[in-house]
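Chains A and B, in that order, are what the protein sequence lines are. The opening position of the first sequence corresponds to residue 11 in the numbering used here, with each subsequent residue numbered one higher. The opening position of the second sequence corresponds to residue 11 in the numbering used here, with each subsequent residue numbered one higher.
A portion of the hints provided could be inaccurate.
[Unchecked claim] Have a look at the derived ranges for each label pair, beta carbon to beta carbon:
(1) Glu-143/B / Asp-262/A: 44 to 52 Å
(2) Asn-90/B / Arg-56/A: 40 to 48 Å
(3) Asp-103/B / Met-140/A: 27 to 35 Å
(4) Gln-21/A / Ala-201/B: 44 to 52 Å
(5) Arg-107/A / Ala-70/B: 30 to 38 Å
(6) Thr-17/B / Arg-107/A: 33 to 41 Å
(7) Leu-13/B / Pro-77/A: 33 to 41 Å
[What the hints assert, rightly or not] Sample of chain B residues facing chain A (criterion: CB under 8 Å; computed from the structure):
(8) Leu-13
(9) Thr-17
(10) Tyr-76
(11) Ala-79
(12) Ala-94
(13) Ser-101
[Said to hold, decoys possible] Reference listing, derived: stretches of chain A covered by chain B, where coverage requires no fewer than 3 residues with Cβ under 8 Å from a Cβ of chain B:
(14) 88-102
(15) 161-170
(16) 224-232
(17) 281-289
Derived by calculation from the structure, the hints in this document are not laboratory data. All values reported here derive from a predicted model rather than from experimental measurement. We treat Cβ as the ideally placed atom computed from N, Cα and C, and that holds for glycine.
Protein chains: 2
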Amino acid sequence: PDLDAATAAMQRERQLTKPAGALGRLEELAQWVATWQGQHPPEIRRPRVAVFAGNHGVAARGVSAYPAAVTAQMVANFQNGGAAVNQLCESADADLRVYELDLENPTADFTQGPAMGEEECCRTMAYGMMAVEMGVQLMALGEMGIGNSTAAAALCLALFGGEAADWTGRGTGVDDEGLARKIAAVEAGVAANPQAKDDPLEALRCLGGYELAAIAGAILAARVARVPVLLDGFACTAAAAVLYKADRRALDHCVVAHRSVEPGHTRLLQAIGKEPLLDLGMRLGEGSGAALAITIVKSAVACHTGMATFADAGVSTREG
Amino acid sequence: PDLDAATAAMQRERQLTKPAGALGRLEELAQWVATWQGQHPPEIRRPRVAVFAGNHGVAARGVSAYPAAVTAQMVANFQNGGAAVNQLCESADADLRVYELDLENPTADFTQGPAMGEEECCRTMAYGMMAVEMGVQLMALGEMGIGNSTAAAALCLALFGGEAADWTGRGTGVDDEGLARKIAAVEAGVAANPQAKDDPLEALRCLGGYELAAIAGAILAARVARVPVLLDGFACTAAAAVLYKADRRALDHCVVAHRSVEPGHTRLLQAIGKEPLLDLGMRLGEGSGAALAITIVKSAVACHTGMATFADAGVSTREG
Numbered sequence: 011p012d013l014d015a016a017t018a019a020m021q022r023e024r025q026l027t028k029p030a031g032a033l034g035r036l037e038e039l040a041q042w043v044a045t046w047q048g049q050h051p052p053e054i055r056r057p058r059v060a061v062f063a064g065n066h067g068v069a070a071r072g073v074s075a076y077p078a079a080v081t082a083q084m085v086a087n088f089q090n091g092g093a094a095v096n097q098l099c100e101s102a103d104a105d106l107r108v109y110e111l112d113l114e115n116p117t118a119d120f121t122q123g124p125a126m127g128e129e130e131c132c133r134t135m136a137y138g139m140m141a142v143e144m145g146v147q148l149m150a151l152g153e154m155g156i157g158n159s160t161a162a163a164a165l166c167l168a169l170f171g172g173e174a175a176d177w178t179g180r181g182t183g184v185d186d187e188g189l190a191r192k193i194a195a196v197e198a199g200v201a202a203n204p205q206a207k208d209d210p211l212e213a214l215r216c217l218g219g220y221e222l223a224a225i226a227g228a229i230l231a232a233r234v235a236r237v238p239v240l241l242d243g244f245a246c247t248a249a250a251a252v253l254y255k256a257d258r259r260a261l262d263h264c265v266v267a268h269r270s271v272e273p274g275h276t277r278l279l280q281a282i283g284k285e286p287l288l289d290l291g292m293r294l295g296e297g298s299g300a301a302l303a304i305t306i307v308k309s310a311v312a313c314h315t316g317m318a319t320f321a322d323a324g325v326s327t328r329e330g
Numbered sequence: 011p012d013l014d015a016a017t018a019a020m021q022r023e024r025q026l027t028k029p030a031g032a033l034g035r036l037e038e039l040a041q042w043v044a045t046w047q048g049q050h051p052p053e054i055r056r057p058r059v060a061v062f063a064g065n066h067g068v069a070a071r072g073v074s075a076y077p078a079a080v081t082a083q084m085v086a087n088f089q090n091g092g093a094a095v096n097q098l099c100e101s102a103d104a105d106l107r108v109y110e111l112d113l114e115n116p117t118a119d120f121t122q123g124p125a126m127g128e129e130e131c132c133r134t135m136a137y138g139m140m141a142v143e144m145g146v147q148l149m150a151l152g153e154m155g156i157g158n159s160t161a162a163a164a165l166c167l168a169l170f171g172g173e174a175a176d177w178t179g180r181g182t183g184v185d186d187e188g189l190a191r192k193i194a195a196v197e198a199g200v201a202a203n204p205q206a207k208d209d210p211l212e213a214l215r216c217l218g219g220y221e222l223a224a225i226a227g228a229i230l231a232a233r234v235a236r237v238p239v240l241l242d243g244f245a246c247t248a249a250a251a252v253l254y255k256a257d258r259r260a261l262d263h264c265v266v267a268h269r270s271v272e273p274g275h276t277r278l279l280q281a282i283g284k285e286p287l288l289d290l291g292m293r294l295g296e297g298s299g300a301a302l303a304i305t306i307v308k309s310a311v312a313c314h315t316g317m318a319t320f321a322d323a324g325v326s327t328r329e330g
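So that you can see chain A by itself, here it is in the shape it has in the complex (with noise of 0.2 Å):
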């Protein structure tokens, strides 16, 4: 963090004409961006929403209401401009960038054992770095993947402990079948890798997926490139709280946009102490919800650096 871009950002903040605090979490956002930017003013004219796709071994054990070949007819809807997520980085004018991960090639199924090994754990980490381009000014992540928010949920678990029903949801729409199958997934992925109890690096290797460890990776190089983040929902905040679990102050560079309905966000929302920017009811993931959020960053941006102070604009101050 830049204290001397923090400190430029507050005291300008007080300056402009509105009462104190009454702009609320738009102040704040501002803050943050100079804060993690190290410059003041803050700026995004060049925010970039990444999308990582990969596919998962566990979608074989029936844990989704789609087949998984839909991550891959998915990347060709980004790459057509059919998705949620195209209109919405259309709306915020951000730059989207979709990232395939072997999508022929899906990690092993967890439940067997580790998804990745440690190379192919590592690689995708350093693949997701490469993500962070100089230039970019804010990085919004989400990701792709049929069966991801059982590997989430599995992460939860073991990073955080509870129940595997506490950690799992419906995902993209599963029944009541579905959602046994998934919970019984995640706590047999949990029971085959003991070893993601005690290590973060191992839980996310072990339980995660190659967009997961992309997004992580990402996250750390945002952090070294002086990016601000948002993180989108579930899956994608579970591969952050990764990094939480090495470091208390690993996401202190990161704003999540959003609380997805999926239940566990709530939980591990709670787990990392992050408030989301936004309570909208949506669980699509692909980066949805942090596109989304982009136009509440470049808003409260434009307010602290656009707005008049009390003395340019010859507005009287509190009385008394």
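For chain A, the structure is supplied; the task is to place chain B on it using the hints.
Below, chain B alone, put in the same frame as chain A:
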């Protein structure tokens, strides 16, 4: 409401490349815009933010942290582009219009009798109606008026009962003594205008103010002109609540943009059965929350109109 447009919106929504309901409130918003515009597809190329400014006799009773002169100073700030709402309109690509309502002549002090005469109140409502011009596709309404959270609290007390303290908060930031004066003024206003309890429009005339009457007029005109409306915070919603008390369906074409920190707002939202879109700790007024929410509504419409269908994109539907 246009049921053909509503049906067309619902049918299209089901075919879009996402699990049913996965965009949550964004899906509802797109259908709401179509229903009240009376067209499918819905469109929001020309949103307007209308901010009405008025002064209040009751401000002389020391109910605000700021002097009454600030109303006109802030209007000048709006005109010079220096206020929060200017930046938010620019971010949302919305057209800002500011309507000054005879700022040199405040309403009468409602602790001594009606704030407005009958003709005055009607004329102000008619003036507000004129803000809804041809071609506007979404209206966001807001207000500026030192003392108007006191007027709003008095309106709510007359319309919905309870205690003056239930509806009275710190507004722009009064101290404890100011809050006590404010509560006393709210009580005195309702006591001095007993007819306000029996007739919502009398409540508006006796306890409201010019900007609040204009907002009520604009909401009525928007209904007739097929323009969906975004309501800002406490004062704006209190003006709208007058219409709700007269007719429970009168606000069906309105969405409340954000939940104000002003505690009376949450109570008022419960009374009129509205769930706000945003909850970002804002309490500025001047249409800021409504302007910010335009970006959410635009994004909702962009998803609805721009997304591919399952058939177009060749994406598999649910298994089984």
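Do the hints match the structure? See the list:
At about 47 Å, the beta-carbon gap between Glu-143/B and Asp-262/A stays in the expected band of 44 to 52 Å. About 29 Å separates the C-beta atoms of Asn-90/B and Arg-56/A, a value inconsistent with the hinted range of 40 to 48 Å. Against the hinted window of 27 to 35 Å, the Cβ-Cβ separation of Asp-103/B and Met-140/A comes to about 33 Å, which satisfies the hint. About 45 Å separates the C-beta atoms of Gln-21/A and Ala-201/B, a value consistent with the hinted range of 44 to 52 Å.
The hinted range of 30 to 38 Å is not satisfied by Arg-107/A and Ala-70/B, whose Cβ atoms lie roughly 58 Å apart. Between Thr-17/B and Arg-107/A the beta carbon distance is about 37 Å. The supplied range of 33 to 41 Å therefore holds. The hinted window of 33 to 41 Å between Leu-13/B and Pro-77/A holds, with their beta carbons roughly 36 Å apart. Because the closest C-beta pair between Leu-13/B and chain A is about 24 Å apart, greater than 8 Å, the hint is violated.
The restraint placing Thr-17/B at the interface with chain A is violated, with a minimum CB-CB distance near 22 Å, outside the 8 Å limit. Nearest Cβ of chain A to the Cβ of Tyr-76/B: about 6 Å, under the 8 Å cut. The hint holds. Taking 8 Å as the C-beta contact cut-off toward chain A, the hint placing Ala-79/B at the interface holds, the least distance being around 6 Å. The beta carbon of Ala-94/B is positioned within 8 Å of a beta carbon in chain A (closest approach about 5 Å), and the interface hint is therefore held.
Here the hint on Ser-101/B is kept, as its CB sits about 4 Å from the closest CB of chain A, short of 8 Å. A count of 11 residues in the stretch 88-102 of chain A with a Cβ less than 8 Å from any Cβ of chain B is obtained; the coverage claim is therefore met, three being the minimum. Under a criterion of three residues with beta carbons nearer than 8 Å to beta carbons of chain B, the stated coverage of the stretch 161-170 of chain A fails, only 0 such residues being counted. Counting residues of the stretch 224-232 of chain A whose C-beta sits closer than 8 Å to any C-beta of chain B gives 0, which falls short of three, so the coverage hint is violated.
A stretch counts as covered by a chain when three or more of its residues have a beta carbon under 8 Å from one of that chain; for the stretch 281-289 of chain A and chain B the count is 3, and the coverage holds.
Consistency note: the structure conflicts with the earlier hints numbered 2, 5, 8, 9, 15, 16.
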